[in-house]
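Number of protein chains: 2
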Amino acid sequence: MTTPIASLLSFSLDNALEKAVGPDHGLTDEDWTRLEGKIASGHAALMEARKAGQYGFADLPHVREGLDAIQAQARIAADRFADFVILGIGGSALGTRAVLSALGPTYPVPGSVRPRVHVVDNIDPGCLAELLQNFDPATTGFNVITKSGGTPETATQFLLVKDYLERSRPGKVAEHLWITTDPERGDLRAIVEKESLPSFPVPKEVGGRYSVLSPVGLFPCAVAGVDVSGLLAGAARFDRYWQEADPLANPAYLFAGASHLLHTRRQKSIVVLFAYSQKLFDTADWFRQLWAESLGKRASLQGEEVYAGSTPIRALGTTDQHSQLQLYTEGPNDKFLVFVEPRESAGDPAIPALYPESKSLAYLGGHRVSELFRAERIGTEVALREAQRPTGRLVLERVDAEGLGFLFQALEVATVFAGRLYDVNPFDQPGVERGKVVAAALLGKAGLDDVRGQLREAGVEGISPEGGK
Amino acid sequence: MTTPIASLLSFSLDNALEKAVGPDHGLTDEDWTRLEGKIASGHAALMEARKAGQYGFADLPHVREGLDAIQAQARIAADRFADFVILGIGGSALGTRAVLSALGPTYPVPGSVRPRVHVVDNIDPGCLAELLQNFDPATTGFNVITKSGGTPETATQFLLVKDYLERSRPGKVAEHLWITTDPERGDLRAIVEKESLPSFPVPKEVGGRYSVLSPVGLFPCAVAGVDVSGLLAGAARFDRYWQEADPLANPAYLFAGASHLLHTRRQKSIVVLFAYSQKLFDTADWFRQLWAESLGKRASLQGEEVYAGSTPIRALGTTDQHSQLQLYTEGPNDKFLVFVEPRESAGDPAIPALYPESKSLAYLGGHRVSELFRAERIGTEVALREAQRPTGRLVLERVDAEGLGFLFQALEVATVFAGRLYDVNPFDQPGVERGKVVAAALLGKAGLDDVRGQLREAGVEGISPEGGK
Numbered sequence: 001m002t003t004p005i006a007s008l009l010s011f012s013l014d015n016a017l018e019k020a021v022g023p024d025h026g027l028t029d030e031d032w033t034r035l036e037g038k039i040a041s042g043h044a045a046l047m048e049a050r051k052a053g054q055y056g057f058a059d060l061p062h063v064r065e066g067l068d069a070i071q072a073q074a075r076i077a078a079d080r081f082a083d084f085v086i087l088g089i090g091g092s093a094l095g096t097r098a099v100l101s102a103l104g105p106t107y108p109v110p111g112s113v114r115p116r117v118h119v120v121d122n123i124d125p126g127c128l129a130e131l132l133q134n135f136d137p138a139t140t141g142f143n144v145i146t147k148s149g150g151t152p153e154t155a156t157q158f159l160l161v162k163d164y165l166e167r168s169r170p171g172k173v174a175e176h177l178w179i180t181t182d183p184e185r186g187d188l189r190a191i192v193e194k195e196s197l198p199s200f201p202v203p204k205e206v207g208g209r210y211s212v213l214s215p216v217g218l219f220p221c222a223v224a225g226v227d228v229s230g231l232l233a234g235a236a237r238f239d240r241y242w243q244e245a246d247p248l249a250n251p252a253y254l255f256a257g258a259s260h261l262l263h264t265r266r267q268k269s270i271v272v273l274f275a276y277s278q279k280l281f282d283t284a285d286w287f288r289q290l291w292a293e294s295l296g297k298r299a300s301l302q303g304e305e306v307y308a309g310s311t312p313i314r315a316l317g318t319t320d321q322h323s324q325l326q327l328y329t330e331g332p333n334d335k336f337l338v339f340v341e342p343r344e345s346a347g348d349p350a351i352p353a354l355y356p357e358s359k360s361l362a363y364l365g366g367h368r369v370s371e372l373f374r375a376e377r378i379g380t381e382v383a384l385r386e387a388q389r390p391t392g393r394l395v396l397e398r399v400d401a402e403g404l405g406f407l408f409q410a411l412e413v414a415t416v417f418a419g420r421l422y423d424v425n426p427f428d429q430p431g432v433e434r435g436k437v438v439a440a441a442l443l444g445k446a447g448l449d450d451v452r453g454q455l456r457e458a459g460v461e462g463i464s465p466e467g468g469k
Numbered sequence: 001m002t003t004p005i006a007s008l009l010s011f012s013l014d015n016a017l018e019k020a021v022g023p024d025h026g027l028t029d030e031d032w033t034r035l036e037g038k039i040a041s042g043h044a045a046l047m048e049a050r051k052a053g054q055y056g057f058a059d060l061p062h063v064r065e066g067l068d069a070i071q072a073q074a075r076i077a078a079d080r081f082a083d084f085v086i087l088g089i090g091g092s093a094l095g096t097r098a099v100l101s102a103l104g105p106t107y108p109v110p111g112s113v114r115p116r117v118h119v120v121d122n123i124d125p126g127c128l129a130e131l132l133q134n135f136d137p138a139t140t141g142f143n144v145i146t147k148s149g150g151t152p153e154t155a156t157q158f159l160l161v162k163d164y165l166e167r168s169r170p171g172k173v174a175e176h177l178w179i180t181t182d183p184e185r186g187d188l189r190a191i192v193e194k195e196s197l198p199s200f201p202v203p204k205e206v207g208g209r210y211s212v213l214s215p216v217g218l219f220p221c222a223v224a225g226v227d228v229s230g231l232l233a234g235a236a237r238f239d240r241y242w243q244e245a246d247p248l249a250n251p252a253y254l255f256a257g258a259s260h261l262l263h264t265r266r267q268k269s270i271v272v273l274f275a276y277s278q279k280l281f282d283t284a285d286w287f288r289q290l291w292a293e294s295l296g297k298r299a300s301l302q303g304e305e306v307y308a309g310s311t312p313i314r315a316l317g318t319t320d321q322h323s324q325l326q327l328y329t330e331g332p333n334d335k336f337l338v339f340v341e342p343r344e345s346a347g348d349p350a351i352p353a354l355y356p357e358s359k360s361l362a363y364l365g366g367h368r369v370s371e372l373f374r375a376e377r378i379g380t381e382v383a384l385r386e387a388q389r390p391t392g393r394l395v396l397e398r399v400d401a402e403g404l405g406f407l408f409q410a411l412e413v414a415t416v417f418a419g420r421l422y423d424v425n426p427f428d429q430p431g432v433e434r435g436k437v438v439a440a441a442l443l444g445k446a447g448l449d450d451v452r453g454q455l456r457e458a459g460v461e462g463i464s465p466e467g468g469k
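Which chain is which? The protein sequence lines are A and B, in order.
In terms of the numbering used here, the numbers along the first sequence are unbroken and rise by one, the last being 469.
In terms of the numbering used here, the numbers along the second sequence are unbroken and rise by one, the last being 469.
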């Protein structure tokens with residue numbers, strides 16, 4: 001059961017079928033037959049929603065408006081700075097990091113990369129202190145990214161950097177700082193307008209985890225020299241496969257359907273994206289947000305309590321063969337493992353044949369490293385199959401801008417389609433609100449006195465009074 | 001339910017109890033009472049095995065033999081090189097990476113760190129090509145680490161680097177290359193002896209995932225300038241807590257007991273180590289191997305099929321609040337989440353109070369970044385508790401060499417003790433053998449013709465004949 005090479009991506013499910021891993025853990029024709037109705041109605045719903053303009057992410061590959069400005073500003077930033085720091089969290093960071101890991105050097109020659117682009121997606125106090133201390137403000141630029149304009153982590157990063165630039169680059173702050181936020185709303189947008197800071201809009205109808213192909217990801221990637229037109233072109237190429245309702249012609253639907261069936265009918269509550277590619281490991285991390293935040297939902301579209309969603313894990317081949325494979329092979333049979341493999345590699349050294357007398361070295365000599373890499377992946381696949389663990393395999397033709405754009409779009413469509421199968425809304429995230437409100441209340445944000453009262457009753461200490469410090 | 005601060009580490013379980021998250025998801029006194037017998041016998045067994053010298057890892061903090069040589073060689077390497085590359089995989093890499101992330105700079109001033117220590121724990125062909133191309137052989141040193149001497153990934157790295165040095169540094173290879181392997185056995189040990197290469201022994205009775213405090217981790221860390229005596233001293237300090245059979249006096253036992261009870265009696269099949277510290281994120285990755293490979297076992301000590309082990313996941317606060325928290329709060333209630341938090345931070349900027357008129361920025365001003373970090377962690381804890389998700393909290397006094405050594409030892413003891421509770425052997429890894437054999441057979445390793453026959457029958461393509469290429 002393999003989709004034809006969907007121009008840039010194919011998905012094979014042979015090792016997740018009954019004949020490979022047995023009836024307790026593998027899928028049968030009957031499973032797929034039962035799902036036929038949902039697949040057909042889900043596809044129809046997606047097509048309709050898309051036509052009605054409800055899927056902002058689906059239009060991104062076709063938007064050319066603003067691209068010239070992004071590229072022009074990126075050239076300015078690239079010329080001006082030795083370091084360029086992306087400040088944002090979650091969907092404002094993960095897509096950019098995925099692109100930079102996939103397309104940038106892993107071991108750069110010192111001094112060869114300019115600007116160095118850093119994705120700072122946390123507020124660890126020690127790390128932020130280091131950042132402000134170690135970078136040279138004269139040669140460092142910043143891109144602050146937050147759709148709402150009020151994410152406290154990003155707001156804090158913004159305040160720190162704004163103050164730092166005002167002190168170190170008086171009168172020149174606008175030369176160092178780009179803001180990516182809602183085109184109209186939010187406190188950051190108001191500051192942008194008032195202070196005439198350079199900025200980019202996050203399209204209203206695009207949520208954070210679906211925003212890599214918006215200015216959120218395109219501007220930082222362009223600063224790093226990535227072919228952002230190629231990213232968009234690759235994503236656009238997925239469109240014709242999205243037209244296909246048949247999972248055997250649409251790798252996104254086959255992936256979503258298999259994950260859903262293996263979860264709901266074979267108790268595989270964990271989906272492992274097992275990248276046999278150092279370069280695609282951060283793409284697996286990007287997917288981890290996309291899948292978890294889209295499908296991990298208490299309530300169905302009808303308001304029933306369903307506690308939906310499988311738990312995504314990213315793993316790295318062959319590295320995690322030496323860390324997680326023991327558990328994957330012999331522990332609870334509760335996982336669907338999906339290998340992600342590029343067909344081509346940018347470099348591929350020959351293994352020197354140096355010690356013909358040594359049994360554990362001799363057989364390696366003369367092979368390409370890619371042959372060992374592939375043999376290890378097959379060895380893992382065979383071992384998992386023999387232990388009745390279902391696996392799938394995503395093969396990406398090339399790890400370049402176009403291939404990556406195609407992969408992003410395919411996985412976003414897969415996630416939205418899985419939302420239909422799980423019967424949940426893949427675009428909201430109601431479960432993260434409560435923690436945010438509690439954190440803001442603790443720090444004294446206005447209007448949250450009732451929450452502060454609850455926290456006091458629960459014995460929480462260190463609550464700031466209204467108004468903060 | 002909190003252990004007293006065990007000098008450097010405490011573990012709190014209050015939010016995993018029935019009164020916090022209800023009887024369906026929280027632990028009761030009865031759960032602990034049922035486990036009493038196993039805890040007592042497990043503790044007795046551990047004490048006895050340790051006394052009998054069966055736990056190599058337990059003795060490492062007290063070994064001073066060889067430490068002078070490690071430090072002397074490390075000084076030589078540090079003086080000689082601008083880059084120092086660690087070649088190894090799994091247990092030969094994860095401990096070193098954890099230490100370097102925790103104690104090294106996250107955003108170094110370019111040129112300020114010498115030598116830069118790189119942990120290369122994979123064989124991605126493109127990345128290895130880049131490595132050999134981009135590093136300057138004259139100023140680069142290598143440490144090849146493999147206990148058996150025959151791990152194919154590390155053997156391949158060794159062959160590539162040996163050839164590269166012989167061509168680029170003829171007659172000087174031994175100045176660039178250190179080998180850490182079995183003191184007597186294996187092909188690498190034979191090569192070390194024959195070619196008089198500098199080397200370190202991996203103690204026979206210490207398995208890879210328990211080896212961070214052996215020369216495996218100590219030499220690379222010493223090259224990077226880490227206080228390795230402090231690591232050992234911190235680990236040694238855990239000894240007195242290990243004497244305690246009562247989980248309330250022993251954070252390792254409390255952690256192991258809670259994880260086991262929540263898994264086997266409350267269906268929490270996933271344990272999330274949620275580091276509220278960028279610096280401790282790779283320590284969570286080190287733990288991921290330790291826990292998965294030690295406990296993920298098909299067979300019990302009595303040979304029964306048990307398919308034991310919970311699945312470890314590492315998460316990062318606050319980053320993963322914007323990626324995984326939606327799933328953790330609203331998805332299946334199948335996780336035990338353990339916050340890992342340092343009490344002190346190396347730096348802690350004050351958030352500037354710049355925009356008093358802006359509702360989403362004003363309340364942040366005047367706080368320290370650490371206050372926001374802590375508030376976000378508490379917000380997450382409260383939200384998870386209200387959603388009836390059990391959480392625990394490991395508090396580490398300081399992220400320094402001593403604190404880290406203590407944490408390593410506590411988590412190793414926790415894992416070995418959990419092995420007793422799950423009734424499995426925490427020191428073997430039978431489930432990874434099959435994949436290795438298949439990979440070696442594919443590449444033509446001698447003596448595996450029967451496996452090649454099986455693979456041919458199964459339709460696997462690209463099998464090399466005996467003898468390789």
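Just so you know, the hints here were simulated from the structure itself, not pulled from any lab data.
Values in this document were obtained by computation on a predicted structure and should not be read as measured data.
Some clues are possibly wrong.
[To be verified] The calculated label-pair distances, taken between Cβ atoms and stated as ranges, are:
hint, chain 1, residue 1, chain 2, residue 2, range
1, A, 172, B, 75, 55 to 61 Å
2, B, 456, A, 356, 55 to 61 Å
3, A, 139, B, 265, 43 to 49 Å
4, B, 248, A, 244, 57 to 63 Å
5, A, 466, B, 111, 43 to 49 Å
6, A, 433, B, 300, 58 to 64 Å
7, A, 239, B, 190, 57 to 63 Å
8, B, 34, A, 244, 39 to 45 Å
9, B, 265, A, 49, 53 to 59 Å
10, B, 105, A, 139, 53 to 59 Å
11, B, 357, A, 139, 28 to 34 Å
12, A, 23, B, 423, 55 to 61 Å
13, B, 459, A, 240, 29 to 35 Å
Where is the CB? At the ideal position from N, CA and C, for every residue including glycine.
Against the structure, the hints come out as follows:
Our hint of 55 to 61 Å for residue 172/A and residue 75/B is violated, since their Cβ atoms are close to 44 Å apart. At about 26 Å, the beta-carbon gap between residue 456/B and residue 356/A misses the expected band of 55 to 61 Å. Under the hint 43 to 49 Å, the C-beta atoms of residue 139/A and residue 265/B, about 57 Å apart, miss the expected range. With their beta carbons about 60 Å apart, residue 248/B and residue 244/A fall inside the hinted range of 57 to 63 Å.
For the pair residue 466/A and residue 111/B, the supplied restraint of 43 to 49 Å holds, since their beta-carbon distance comes to about 47 Å. Take residue 433/A and residue 300/B: their Cβ atoms lie about 44 Å apart, and the range 58 to 64 Å is violated. For the pair residue 239/A and residue 190/B, the supplied restraint of 57 to 63 Å holds, since their beta-carbon distance comes to about 58 Å. Distance hint check: the CB atoms of residue 34/B and residue 244/A are about 54 Å apart, inconsistent with the given range 39 to 45 Å.
At roughly 43 Å, the beta carbons of residue 265/B and residue 49/A sit outside the given window of 53 to 59 Å. Taking the beta carbon of each, residue 105/B and residue 139/A are about 18 Å apart, not inside 53 to 59 Å as hinted. With their beta carbons about 32 Å apart, residue 357/B and residue 139/A fall inside the hinted range of 28 to 34 Å. Evaluation of the 55 to 61 Å hint for residue 23/A and residue 423/B yields a failure: the beta carbon distance comes to about 29 Å.
Under the hint 29 to 35 Å, the C-beta atoms of residue 459/B and residue 240/A, about 31 Å apart, fit the expected range.
Of the hints listed earlier, those the structure fails to meet are numbers 1, 2, 3, 6, 8, 9, 10 and 12, in rising order.
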